[in-house]
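Those protein sequences? They're chains A and B, same order as listed.
Residues 100 to 443, numbered by my numbering, are exactly what the first sequence covers, in order.
Residues 75 to 392, numbered by my numbering, are exactly what the second sequence covers, in order.
Note that these hints are calculated values from the structure, not bench results.
Any given hint could be a false lead.
[Claimed, not checked] Subject to a maximum C-alpha distance of 25 Å in a straight line, what follows is the list of computed SDA-like cross-link-like pairs (lysine to any residue):
(1) B:LYS112 x A:VAL257
(2) B:LYS232 x A:PRO208
(3) B:LYS232 x A:ARG147
(4) B:LYS232 x A:ARG205
(5) B:LYS112 x A:GLU335
(6) B:LYS112 x A:GLY331
(7) A:LYS282 x B:ASP354
(8) B:LYS112 x A:TYR328
(9) B:LYS232 x A:ASN128
(10) B:LYS237 x A:GLU335
(11) B:LYS232 x A:GLN207
(12) B:LYS294 x B:LEU211
(13) B:LYS112 x A:TYR247
(14) B:LYS232 x A:TYR247
(15) A:LYS282 x B:TYR357
(16) B:LYS112 x A:GLN246
(17) A:LYS282 x B:ASN351
(18) A:LYS362 x A:LYS282
(19) A:LYS282 x B:SER151
(20) B:LYS232 x A:GLY331
(21) B:LYS232 x A:GLU335
(22) B:LYS232 x A:ASP157
(23) B:LYS232 x A:VAL257
(24) B:LYS232 x A:LEU217
(25) B:LYS232 x A:GLN158
(26) B:LYS112 x A:TYR241
(27) B:LYS232 x A:VAL420
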Amino acid sequence: MTRYIIRRILQAIPLLFLISVVLFVLMQNMGDPLATMGGRTMTRKADRERLTRQLGLDQPIYMQYIYWLVGNDWTKVDLNGDGIANTPGRRLGILRGDFGTSLVNRGQPALQVIWDRLPNTLLLMISAEFIIIVFSILIGIYSALRQYSLTDHVITAVSFIGYSMPIFFIALVTMYIFSVNFKRWGLPYLPTVGMFDPQVGKTPLQVLWHMILPVFSIAFISLAGYSRYIRGTMLEVMGQDYIRTAKSKGIPHRDVIFIHALKNASLPIVTIVGLDLPLLLGGAVVTERIFAWPGMGRLFLDHLSRVDTPVIMGILMLISVAVVVFQLITDITYAWLDPRIRYE
Amino acid sequence: MATTAESTLSPHGAFTDDLEAPPLTLRQLTWRRFLRHKMAVFGGITLILLFIYAFGGAFIVSEAYSNFTETGIRLSSPSLEHPFGTDTVGRDILARTIYGGQISLLIGLIAVLIETIVGIMIGALAGYYGGTLDSILMRFTEAVLNIPQIFLLLVMAKFFAGKIPNITAFGRDFSGSVIVIIVIIGLTSWPYLARIVRAEFLSIKENEFVLAARAIGTSKSQIIFGHILPNTLAPIIVSATLGVANAILSEAYISFLGLGVQPPTATWGNMLEGAYNYIDTAYWLWLFPGLLIVLTVLSINFLGDGLRDALDPRSRAA
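Same shape as in the complex, but just chain A:
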């Protein structure tokens, strides 16, 4: 097992390297990060040259990549434009935890910018994932036990619709019903944007109140796929011999379902949850945009439009590392839960 883990980690290194190179090349052609730096006034030519040098954008792309990856404190860079590299570099590189300096939030480390938004995203996404798992298990079991009943057909139809719906559509529909029309009818209505009412302040109750619609939208879309999947694995498990044995031994029906069947059916569920978890880190880009939720997805969009390479690269690399790590954790959990599986 240890050897398997070590081998997987060693395999991940070239993978992440490849990803970072491809993304870094893509970043180079996204537009001019200096264009918006002067604020309202046009950036003067001299300033532009100075900024280009300070940000290291005058270097050839492979040097920029090396500086981004391992930093430049081992060499000297030319900051005053006299052609002689005489100022010692100060960047540490992403491998030593220095993501660079954000170009939009001037002077702030990119990691700090990302870190500030991460809790908001995690709050939204973990709540959503929790609801998805609990409800999809309940719905999945329910429709598996009543296969081909009217309820099962209704659930199947609704899951297909949910699965086919772009998230912004369900977001707009729920906003229209629960905010716009509830307000019109004089009912207590849900807020549409932001994380809290500025007049009340960021109290837990306010955040919870603002979370309802985004969490519902995210959960509704994913619930469909999950519950179908659980229905399938439950149906498979319910046909097994050990379930028949448990039933014939006279074990209460509920125990057979929740202890004997669900335990075995939950194995494949671990896989999809494990593969989905890292995606939570990136947040729901679209959902955060509609509900003006100050999370990482919106950070990504805002900074992408202004070519803030360090922040964008930082977010993408964090997600990539998370995907690799969670894949490994999923594999290990799986082997631990199911002793039949052995990794060589």
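Dock chain B against the given chain A, drawing on the hints supplied.
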């Protein structure tokens, strides 16, 4: 054929007739399994109607009308003259859903074509040759899979934005962004297909008919494309069908975020861009294009589900 002749001449009457009825061909069996799937038939019919709506509608309203702005009547609610209302600059939303539908459906179809070609090439090469080539191609596939598609799409949309000039085809102007969206969706969605094709190739290439083909000196490309590929068509067709739905959704997402197809070219996705600013005043801005997207994607998913059952009964999904 001989069976048919015999059974009609049989003296035992209807009973033997039934027993000795000509066996159904594979195509008939598939078709029968497909028809049994009611939702798939519903999906297929709805899809045909949607195509008629988008492409037939073009004979009734002109493209110029769909792009005609009249700010005097901006944001007017659905009426007889404008059944779906007008948008923020007074364009008729009904006309725009027709022309937007054409672009959305075309993007879905062509992006999947690209996806399928790339996926088959990479999957077939990796599966057939194995070894180092397989490792390299599969690492590359993993790299693409490792980043959530929406992030990759946004980065690539930004990368290519404004680099492709507008093109004229069929007497109409297409925004260069349409090409960009098609290409980037095609280039980011192939990994799943490539994995499916590779897995199929790995198992099929061990069969004796492949060995026989190799023994008589059939060329490698003939073995790959002429002998193995036709045996992997079922999962490819299913995956491609569902891929169209995915591509239409992807286009809607990036256009919704403003990085997709640029106006005045309409798509169902970019008609929704900014609609949430008018959530409490103009529901018709997002309701109609949104419903069309849901209906299209839903129909394609039903169709794909039915095709899977019909073409590939073994891999029946739960």
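Evaluated hints:
1. B:LYS112 x A:VAL257: Given pair LYS112 (chain B), VAL257 (chain A) holds - Cα atoms ~16 Å apart, limit 25 Å.
2. B:LYS232 x A:PRO208: holds (23 Å)
3. B:LYS232 x A:ARG147: Holds, at roughly 23 Å.
4. B:LYS232 x A:ARG205: Judged against 25 Å, a Cα distance of about 22 Å means the pair holds.
5. B:LYS112 x A:GLU335: holds (24 Å)
6. B:LYS112 x A:GLY331: Holds - the C-alpha atoms of GLY331 (chain A) and LYS112 (chain B) are around 20 Å apart, at most 25 Å.
7. A:LYS282 x B:ASP354: holds (10 Å)
8. B:LYS112 x A:TYR328: holds (21 Å)
9. B:LYS232 x A:ASN128: holds (9 Å)
10. B:LYS237 x A:GLU335: Distance of about 52 Å is beyond 25 Å: violated.
11. B:LYS232 x A:GLN207: It holds: about 24 Å lies between the C-alpha atoms, which stays within 25 Å.
12. B:LYS294 x B:LEU211: Cα-Cα ~19 Å, so holds.
13. B:LYS112 x A:TYR247: Between LYS112 (chain B) and TYR247 (chain A) the Cα gap is close to 14 Å, so the pair holds against 25 Å.
14. B:LYS232 x A:TYR247: violated (47 Å)
15. A:LYS282 x B:TYR357: Holds. LYS282 (chain A) to TYR357 (chain B) sits at ~15 Å (cutoff 25 Å).
16. B:LYS112 x A:GLN246: holds (17 Å)
17. A:LYS282 x B:ASN351: holds (17 Å)
18. A:LYS362 x A:LYS282: violated (45 Å)
19. A:LYS282 x B:SER151: holds (20 Å)
20. B:LYS232 x A:GLY331: Measuring from Cα to Cα gives roughly 40 Å; hence the hint is violated.
21. B:LYS232 x A:GLU335: violated (45 Å)
22. B:LYS232 x A:ASP157: Holds, because 22 Å separates the two Cα atoms, which is no more than 25 Å.
23. B:LYS232 x A:VAL257: Between LYS232 (chain B) and VAL257 (chain A) the Cα gap is close to 35 Å, so the pair fails against 25 Å, i.e. violated.
24. B:LYS232 x A:LEU217: OK: LYS232 (chain B) and LEU217 (chain A) at ~24 Å, within 25 Å.
25. B:LYS232 x A:GLN158: Holds - the C-alpha atoms of GLN158 (chain A) and LYS232 (chain B) are around 22 Å apart, at most 25 Å.
26. B:LYS112 x A:TYR241: Distance ~23 Å between LYS112 (chain B) and TYR241 (chain A) Cα, so the pair holds.
27. B:LYS232 x A:VAL420: Given that 25 Å is the threshold and the Cα spacing comes to 23 Å, the pair holds.
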